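*Asks:* Sequence:
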Amino acid sequence: MEPQVIATPDAFRAELIDDGARSLFDYWQGLRGPRAMPARADIDPLEIPRNILPWLYILAVSDDGNHRFRLAGTGLDTVFNAEITGKRVDEVLEGRDLENARRSYDFVISRARPWYSSVLYRADERWEIRYSRLTLPLGPDGEKPDFLIGGLFLDQDEGMFERFAELFARRGVDPSARREVVLA
Numbered sequence: 001m002e003p004q005v006i007a008t009p010d011a012f013r014a015e016l017i018d019d020g021a022r023s024l025f026d027y028w029q030g031l032r033g034p035r036a037m038p039a040r041a042d043i044d045p046l047e048i049p050r051n052i053l054p055w056l057y058i059l060a061v062s063d064d065g066n067h068r069f070r071l072a073g074t075g076l077d078t079v080f081n082a083e084i085t086g087k088r089v090d091e092v093l094e095g096r097d098l099e100n101a102r103r104s105y106d107f108v109i110s111r112a113r114p115w116y117s118s119v120l121y122r123a124d125e126r127w128e129i130r131y132s133r134l135t136l137p138l139g140p141d142g143e144k145p146d147f148l149i150g151g152l153f154l155d156q157d158e159g160m161f162e163r164f165a166e167l168f169a170r171r172g173v174d175p176s177a178r179r180e181v182v183l184a
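Under the working numbering, think of the first position of the sequence shown as 1, with each following residue one higher.
Check the hints yourself; a few may be wrong.
Distance ranges between label pairs, derived from CB positions [unchecked claim]: (1) GLU128 <-> ASP19: 18 to 24 Å; (2) ASP141 <-> GLY65: 19 to 25 Å; (3) THR78 <-> PRO49: 16 to 22 Å; (4) ASP141 <-> GLY30: 31 to 37 Å.
It should be emphasised that the hints constitute simulated quantities derived from the structure, not laboratory data. Model, not experiment: these values are computed from the prediction. A virtual CB, placed ideally from N, CA and C, is assigned to each residue, including glycine.
Given only the sequences and the hints, what does the whole structure look like? Please build it.
*Replies:* Encoded structure:
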């Protein structure tokens with residue numbers, strides 16, 4: 001599946017269905033100004049909206065594709081049922097989840113453009129959850145990313161994270177609808 005290419009930052013932002021993703025995109029946009037991307041050094045955790053900090057991650061880009069989580073919020077630790085800061089992506093994800101993450105990360109790195117995906121997961125035919133991921137490039141020269149900043153956002157109702165984490169751990173969730181968009 002190829003992502004849909006969105007022509008303008010405003011149109012890309014309109015595709016983001018999650019308030020947290022829109023807040024992160026707005027923060028990134030403000031930092032980058034006329035550059036293609038801000039640098040890692042531009043990130044100030046005190047300026048990031050507090051409600052999205054638990055869902056943020058920063059990946060250190062690796063030439064061999066084994067990108068490492070340099071920072072991961074506590075919400076991500078809950079979702080993945082483990083502390084993921086310091087781990088490689090392939091130590092956290094596997095199978096099609098790993099393939100999809102690598103595909104999007106590789107796109108963001110090679111093209112220095114934002115990527116957003118939204119997936120509806122159904123589990124045990126009793127409930128569904130929408131999982132969204134926004135990934136944005138960071139680079140000191142404004143051209144080649146050396147870090148990625150992103151966020152994972154889930155529908156937020158009582159106990160949703162614990163149910164998702166438990167089902168994810170035993171591979172009990174199946175994606176039923178996926179939408180992917182990138183900024184041109």
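*Asks:* Which hints from the list above does the structure break, by number from lowest to highest?
*Replies:* Number 4 - this is the single hint that the structure violates.
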